[in-house]
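Number of protein chains: 4
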Amino acid sequence: MSGNTYGRLFCVTSFGESHGPAIGCVIDGCPPGLALSEADIQPDLDRRRPGTSRHTTQRREDDRVRILSGVFEGLTTGAPIGLLIENTDARSQDYKKIAEVFRPGHADYTYQQKYGRRDHRGGGRSSARETATRVAAGAVARAYLRSRLGIVVRGYLAQLGPYRADTIDWDAVAENPFFCPDRALVPELEAYMDALRRTGDSIGALVTVVAENVPPGLGEPVFDRLDADIAHAMMSINAVKGVEIGDGFAVVTARGSESRDEITPEGFLANHAGGILGGISSGQDIVVRLALKATASIRIPGRTVDRQGMAAEVVTTGRHDPCVGIRATPIAEAMLCLVLMDHVLRHRGQNAEVTCPTPRIPARPD
Amino acid sequence: MSGNTYGRLFCVTSFGESHGPAIGCVIDGCPPGLALSEADIQPDLDRRRPGTSRHTTQRREDDRVRILSGVFEGLTTGAPIGLLIENTDARSQDYKKIAEVFRPGHADYTYQQKYGRRDHRGGGRSSARETATRVAAGAVARAYLRSRLGIVVRGYLAQLGPYRADTIDWDAVAENPFFCPDRALVPELEAYMDALRRTGDSIGALVTVVAENVPPGLGEPVFDRLDADIAHAMMSINAVKGVEIGDGFAVVTARGSESRDEITPEGFLANHAGGILGGISSGQDIVVRLALKATASIRIPGRTVDRQGMAAEVVTTGRHDPCVGIRATPIAEAMLCLVLMDHVLRHRGQNAEVTCPTPRIPARPD
Amino acid sequence: MSGNTYGRLFCVTSFGESHGPAIGCVIDGCPPGLALSEADIQPDLDRRRPGTSRHTTQRREDDRVRILSGVFEGLTTGAPIGLLIENTDARSQDYKKIAEVFRPGHADYTYQQKYGRRDHRGGGRSSARETATRVAAGAVARAYLRSRLGIVVRGYLAQLGPYRADTIDWDAVAENPFFCPDRALVPELEAYMDALRRTGDSIGALVTVVAENVPPGLGEPVFDRLDADIAHAMMSINAVKGVEIGDGFAVVTARGSESRDEITPEGFLANHAGGILGGISSGQDIVVRLALKATASIRIPGRTVDRQGMAAEVVTTGRHDPCVGIRATPIAEAMLCLVLMDHVLRHRGQNAEVTCPTPRIPARPD
Amino acid sequence: MSGNTYGRLFCVTSFGESHGPAIGCVIDGCPPGLALSEADIQPDLDRRRPGTSRHTTQRREDDRVRILSGVFEGLTTGAPIGLLIENTDARSQDYKKIAEVFRPGHADYTYQQKYGRRDHRGGGRSSARETATRVAAGAVARAYLRSRLGIVVRGYLAQLGPYRADTIDWDAVAENPFFCPDRALVPELEAYMDALRRTGDSIGALVTVVAENVPPGLGEPVFDRLDADIAHAMMSINAVKGVEIGDGFAVVTARGSESRDEITPEGFLANHAGGILGGISSGQDIVVRLALKATASIRIPGRTVDRQGMAAEVVTTGRHDPCVGIRATPIAEAMLCLVLMDHVLRHRGQNAEVTCPTPRIPARPD
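Protein chains in written order, with UniProt numbering: chain A, 1 to 366; chain B, 1 to 366; chain C, 1 to 366; chain D, 1 to 366.
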């Protein structure tokens with residue numbers, strides 16, 4: 001049972017390989033009446049697009065998206081939305097030498113074990129190229145969340161290797177190729193990445209995503225809690241090895257008297273919980289952090305085995321991101337949009353009648 | 001759309017509130033022919049059971065499980081397995097005063113917002129009591145995984161507040177009420193918990209779960225990767241705020257040359273990946289860590305609001321765990337069993353024919 | 001992958017065997033705030049209950065239902081509703097002789113082939129006893145549909161063997177043990193059934209179910225059309241071999257000019273479509289017919305094979321319905337309630353915002 | 001929640017409108033290692049293709065399918081298979097006049113009610129054009145079922161209006177544009193259809209589909225029985241109003257002693273059950289019949305209302321099939337292939353270990 005559909009009510013089914021003719025997805029369950037055109041999707045794709053700075057892979061893809069269905073006279077119809085992105089700059093010959101060996105730290109070996117074969121060209125289905133369809137689908141969800149509920153989802157690179165952002169200036173994020181919210185850090189990142197690229201090595205990163213104006217009530221305990229679905233969505237992104245909500249791992253050493261967010265009529269006094277209590281959104285900002293490992297595709301030779309099990313050495317010479325975390329910000333935003341969108345519809349299905357007489361607690365005191 | 005079913009092929013549907021007459025679950029999709037009786041399930045329930053030491057809640061529940069269906073002449077039949085656990089020691093009067101106020105750090109407010117009402121007795125559906133059914137279902141999965149595939153799933157308390165286990169002695173885990181693998185640490189934990197209990201406060205914890213002898217090939221990219229499903233399962237446990245696979249957040253500062261696990265014909269040279277590559281098990285040990293916050297149910301007064309939105313003070317006097325992380329070890333094990341079981345069946349459905357001629361790489365070099 | 005859950009948003013997971021300790025189900029996704037007690041469920045169970053007339057099986061079960069969760073202070077909470085019915089009058093010894101042979105026309109052989117074993121006592125999971133949980137769950141759906149949307153679901157026995165109801169008097173249905181809407185036919189049915197019982201044979205039947213006051217808009221093309229889901233639900237009932245919507249098989253010989261239901265401002269001029277157009281409810285009455293075969297459990301000897309494949313003769317001496325179609329009316333009603341309930345929630349999730357300026361066409365002209 | 005995905009393990013997600021740029025689908029869950037190219041899919045599409053005789057719609061579509069992903073070096077990889085068919089002969093101007101009125105017997109009104117808007121061009125999503133993607137997906141399933149299990153799925157037109165096929169000659173089916181198995185009937189059908197076309201009217205039909213060499217054991221009681229899923233799949237086809245398995249509605253008047261299929265060591269003595277017992281395949285031929293109504297798109301004027309609710313007259317002048325049942329045979333075959341494929345994978349996931357020592361009963365005695 002393949003797992004290429006995300007969501008229960010807002011369902012995104014993805015297809016396509018890195019070096020196939022095209023990638024794409026089908027969005028089933030988008031409410032009718034949403035204004036939608038390619039122009040609503042393209043900006044997010046452009047943010048994720050490779051080849052826009054010297055710090056990401058030099059593969060140059062237009063990532064031009066085409067809406068094939070589900071939109072009529074500028075509005076969604078409730079029918080499934082087919083999205084297609086053609087691959088235009090695949091260089092499969094770069095990958096011939098890895099057809100016979102398993103790159104360490106990569107999915108080569110596990111795909112071979114699972115399916116008995118693999119499309120090795122550019123990593124095939126395991127390539128991060130697949131995330132372009134997530135960003136496209138996320139843009140549709142984002143358009144709905146923003147226009148109907150005023151929800152804003154945005155993110156930034158919180159840390160790149162040893163460099164941690166000290167100030168969070170949302171305006172700065174769009175001004176540099178790293179999605180770094182700390183202007184002062186950008187020159188250091190540039191120098192670090194230039195040096196790293198020369199060594200042929202790669203580096204990990206930490207990305208933060210935040211959703212603002214989320215209404216309370218989203219999330220379906222006990223298994224499909226909002227935080228559980230966020231964790232699933234984030235961990236499904238290539239290279240992610242850890243996910244935190246709110247204080248995350250810092251809760252281990254915190255006392256209950258410290259980590260509970262007290263409430264006043266003016267609002268919550270803190271947000272250690274990251275906007276989710278008992279698996280349901282509280283109306284506070286949802287705060288998520290994800291750790292991305294360094295790409296294993298590096299020019300430094302590594303030990304491995306070939307398909308006959310014999311020792312081999314591998315050097316990856318294709319075009320790769322020296323820090324996959326850099327382009328991860330729009331991907332993580334997209335996944336958070338998909339999770340929220342799905343839960344808006346799920347909540348509405350069961351609870352459309354709920355008229356809650358209880359006070360809505362402000363996200364924070366004035 | 002309520003989310004009380006876990007799994008796609010090995011489906012566990014849970015029901016029951018903390019102070020209702022009973023809790024239980026239905027397991028649909030268990031393969032036929034598995035030897036199963038209550039005696040296979042009870043030991044895991046007993047490990048999670050409250051009231052077995054002074055360091056957990058003093059609520060005393062037998063947690064006696066009853067198999068209602070799906071087993072005939074000692075073997076599963078392929079039909080759904082109904083499991084029932086009666087509640088015997090609920091004291092609902094303890095909770096009367098919280099019917100009108102929202103305990104900070106709890107699900108009280110979000111349940112009220114979502115559903116327009118809530119069963120406040122003992123936290124109702126949001127109580128950790130619900131996890132007993134997870135442990136029961138997990139025990140069935142564990143019996144299958146162990147008997148059919150030799151998979152061993154086990155865990156331990158890696159850290160409690162400031163106290164971190166330095167040595168991992170699996171034999172020690174069962175010998176103390178903390179599931180602590182470091183015998184030297186146990187007296188310190190006891191003293192710390194005794195002191196904490198006197199203050200009326202609570203504390204967070206870190207739990208590690210490991211699965212050994214997992215065959216390569218489990219996991220369904222791109223969305224239902226094994227790591228994504230593990231993250232979902234762990235984050236669905238009450239109080240969990242962070243999940244890591246393998247090196248987790250440590251990957252942020254690691255270079256690709258450090259974090260890729262090189263391969264030799266004798267085996268992988270390291271396991272930074274935690275047994276999962278590209279979302280698919282590699283055959284190495286699966287290593288998961290989860291951070292649990294301190295319970296918000298403490299005797300120290302806290303600020304909150306009541307159902308009219310007026311300022312109020314809350315003091316929780318019911319019986320609670322001063323460290324929910326202590327009893328989390330068997331729960332986390334159960335969830336990992338459920339994830340693996342589901343993926344064994346999912347893999348088998350699609351890939352039953354795969355006969356992989358490629359070498360199976362040993363988990364570690366000799 | 002076992003298929004014991006019905007519904008996508010209003011999910012009913014059923015468990016239990018004919019001769020096990022209990023049967024039951026979990027309803028996940030019931031909206032909060034619905035007034036619900038055992039008294040809302042029991043009447044439907046009593047209508048289906050065996051042993052209430054000489055024309056059905058003489059097994060005497062109280063079919064007393066118990067709500068285990070999901071209801072607090074008389075209202076549903078949005079949490080899963082656990083329902084339990086204990087088995088009290090199983091006589092497993094009657095079935096010993098069929099442990100070794102496959103009853104022709106029964107599920108004995110196919111269960112054995114599928115699962116490699118079977119609980120032969122009373123047919124185990126394949127027994128019609130399982131339908132009691134459907135009726136219980138259907139009663140919860142019915143309570144919602146009636147109180148919130150004014151939808152009325154009811155049915156009748158349209159034909160029993162050669163005897164077809166000529167007049168449809170809804171008041172008559174509850175007055176006889178056959179659910180027959182034609183009072184004049186009842187004495188004939190009684191005489192026919194008495195004679196049939198003496199021969200040890202059994203007979204088929206035709207049941208009609210109707211849903212009134214269904215709002216237009218329910219159904220999810222292209223695959224999960226309302227009619228497709230109704231067909232699925234009805235065909236999932238034991239012994240059903242055919243399903244029709246509206247004119248059903250009569251459309252084969254009808255011309256388009258005859259079978260299209262013309263529309264006037266005063267309403268549709270006919271209902272050949274049975275209330276569903278393009279897979280979506282039109283607001284007209286939904287009309288469904290299902291054909292049930294005669295039970296294969298008869299006292300007349302039949303040829304079969306045993307588990308060694310040797311020729312054998314079988315005579316079924318347990319207590320059985322000579323016409324399973326008699327008790328099928330409340331079961332079919334329950335399934336139609338489940339389908340409609342699920343589609344109400346599904347429609348609402350995606351289309352909650354739809355405010356349709358188009359005219360609502362009356363079900364029929366004045 | 002839109003319902004454009006069919007299947008649980010072999011999942012087909014369809015998209016596209018009649019007059020949009022393209023239609024297509026994604027198949028997720030196809031086992032790896034299946035030889036597949038466009039040449040395996042095109043023949044089935046060509047059988048369904050419009051405009052190949054004067055008896056179907058004169059819209060001329062090449063229906064040329066393109067595989068976008070999931071196949072590498074001629075074999076499936078286990079990754080999702082994207083299929084695309086461009087629309088080339090849409091004439092939207094024919095449909096302008098129906099933008100404002102609801103065609104009786106069509107989905108116009110119900111789509112408008114459900115979604116608040118509709119793509120009226122060619123019927124948009126409700127057009128039978130959508131079934132091309134079903135046929136494409138069904139061809140992939142068919143290739144697997146045939147090559148791996150020897151299952152053969154085929155069908156024929158059993159009745160067209162008053163003309164019923166008396167002899168079933170499988171060789172005849174491919175020789176005429178009606179899929180009629182009775183050569184003697186073909187001239188009558190031609191004359192009847194020519195006359196009908198002149199009147200501007202349309203007619204219903206009956207289609208039979210048969211699956212041979214189906215292994216016993218497919219089907220997931222109690223809800224996802226094989227027959228229930230077949231009923232769902234068939235009723236999801238445009239214009240279908242009735243579905244029968246085996247003897248279908250004829251069971252109403254049959255006695256148990258007549259309708260049970262007795263068993264001998266040489267095989268079943270009859271197949272009244274249509275190859276399914278207790279919702280599970282028995283190894284006998286699966287026999288399904290479906291009734292298709294006459295298309296409501298006819299040139300004969302009909303009464304209706306417009307979007308303002310005012311009385312209107314409608315005459316459909318676009319290109320339509322005077323008997324949609326004619327082209328339904330390959331569509332029904334495709335749906336049966338999808339059902340069987342899904343159940344093969346579902347059965348395998350849960351029951352891979354089952355080694356059944358019981359005798360396999362031959363489909364029929366020699």
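Treat the hints as calculated values from the structure; they're not laboratory data. Because the structure is a prediction, the values reported are computed rather than measured. One should not assume that every hint holds.
As the list claims (entries may be wrong) - In silico EDC-like links for lysine to aspartate or glutamate, alpha-carbon gap of 16 Å or less: (1) D/K97 x D/D285; (2) D/K96 x A/E313; (3) D/K96 x D/E353; (4) C/K96 x B/E73; (5) B/K96 x B/E353; (6) D/K97 x D/E313; (7) A/K96 x D/D306; (8) B/K96 x C/D306; (9) D/K96 x D/E313; (10) C/K96 x C/D306; (11) A/K96 x A/E258; (12) B/K97 x B/E258.
What the hints assert, rightly or not - Which chain C residues stay away from chain A? Per the calculated CB distances, all over 12 Å, these: (13) R8; (14) G29; (15) L34; (16) A79; (17) P80; (18) R91; (19) N213; (20) G267; (21) H347; (22) T355.
To be verified - Looking from chain C toward chain D, a few residues come up when the C-beta cut is under 10 Å (computed): (23) T52; (24) S53; (25) T57; (26) F72; (27) L75; (28) T110; (29) V152; (30) T199; (31) G204; (32) V243; (33) I263; (34) D285; (35) R289; (36) T295.
All C-beta atoms in this analysis are idealised placements derived from N, C-alpha and C, irrespective of residue type, glycine included.
Verification of the hints:
1. D/K97 x D/D285: Violated, because 47 Å separates the two Cα atoms, which is more than 16 Å.
2. D/K96 x A/E313: violated, 65 Å
3. D/K96 x D/E353: violated, 58 Å
4. C/K96 x B/E73: holds, 14 Å
5. B/K96 x B/E353: Given that 16 Å is the threshold and the Cα spacing comes to 58 Å, the pair is violated.
6. D/K97 x D/E313: Given that 16 Å is the threshold and the Cα spacing comes to 11 Å, the pair holds.
7. A/K96 x D/D306: Given pair A/K96, D/D306 is violated - Cα atoms ~62 Å apart, limit 16 Å.
8. B/K96 x C/D306: violated, 62 Å
9. D/K96 x D/E313: Answer holds: D/K96 to D/E313 is near 14 Å, not above 16 Å.
10. C/K96 x C/D306: holds, 13 Å
11. A/K96 x A/E258: Between A/K96 and A/E258 the Cα gap is close to 56 Å, so the pair fails against 16 Å, i.e. violated.
12. B/K97 x B/E258: Violated. B/K97 to B/E258 sits at ~55 Å, over the 16 Å cutoff.
13. R8: Violated, since 8 Å does not exceed 12 Å.
14. G29: violated, 6 Å
15. L34: The assertion about C/L34 is violated, with a minimum of 9 Å to chain A.
16. A79: Incorrect as stated: the minimum Cβ-Cβ distance to chain A is 8 Å, not above 12 Å.
17. P80: violated, 9 Å
18. R91: Given a closest Cβ separation of 39 Å, the condition holds.
19. N213: holds, 18 Å
20. G267: holds, 26 Å
21. H347: violated, 8 Å
22. T355: The claim breaks: C/T355 does not keep its Cβ more than 12 Å from every Cβ of chain A (closest is about 9 Å).
23. T52: Violated: closest Cβ of chain D sits about 22 Å from C/T52, beyond 10 Å.
24. S53: Violated: closest Cβ of chain D sits about 19 Å from C/S53, beyond 10 Å.
25. T57: Hint on C/T57: violated, closest Cβ of chain D at ~14 Å, above 10 Å.
26. F72: With Cβ-Cβ at 28 Å, over 10 Å, it is violated.
27. L75: violated, 25 Å
28. T110: Result: holds, 4 Å to nearest chain D Cβ.
29. V152: For C/V152, the interface hint is violated, since the closest Cβ of chain D sits about 20 Å away, which is over 10 Å.
30. T199: holds, 9 Å
31. G204: holds, 4 Å
32. V243: holds, 6 Å
33. I263: holds, 4 Å
34. D285: Not OK, violated: C/D285 not within 10 Å of chain D, min 15 Å.
35. R289: holds, 8 Å
36. T295: The hint holds - C/T295 has a Cβ within 10 Å of chain D, the shortest such distance being about 6 Å.
In summary, the structure is inconsistent with hints 1, 2, 3, 5, 7, 8, 11, 12, 13, 14, 15, 16, 17, 21, 22, 23, 24, 25, 26, 27, 29, 34 from the numbered list given earlier, while agreeing with the others.
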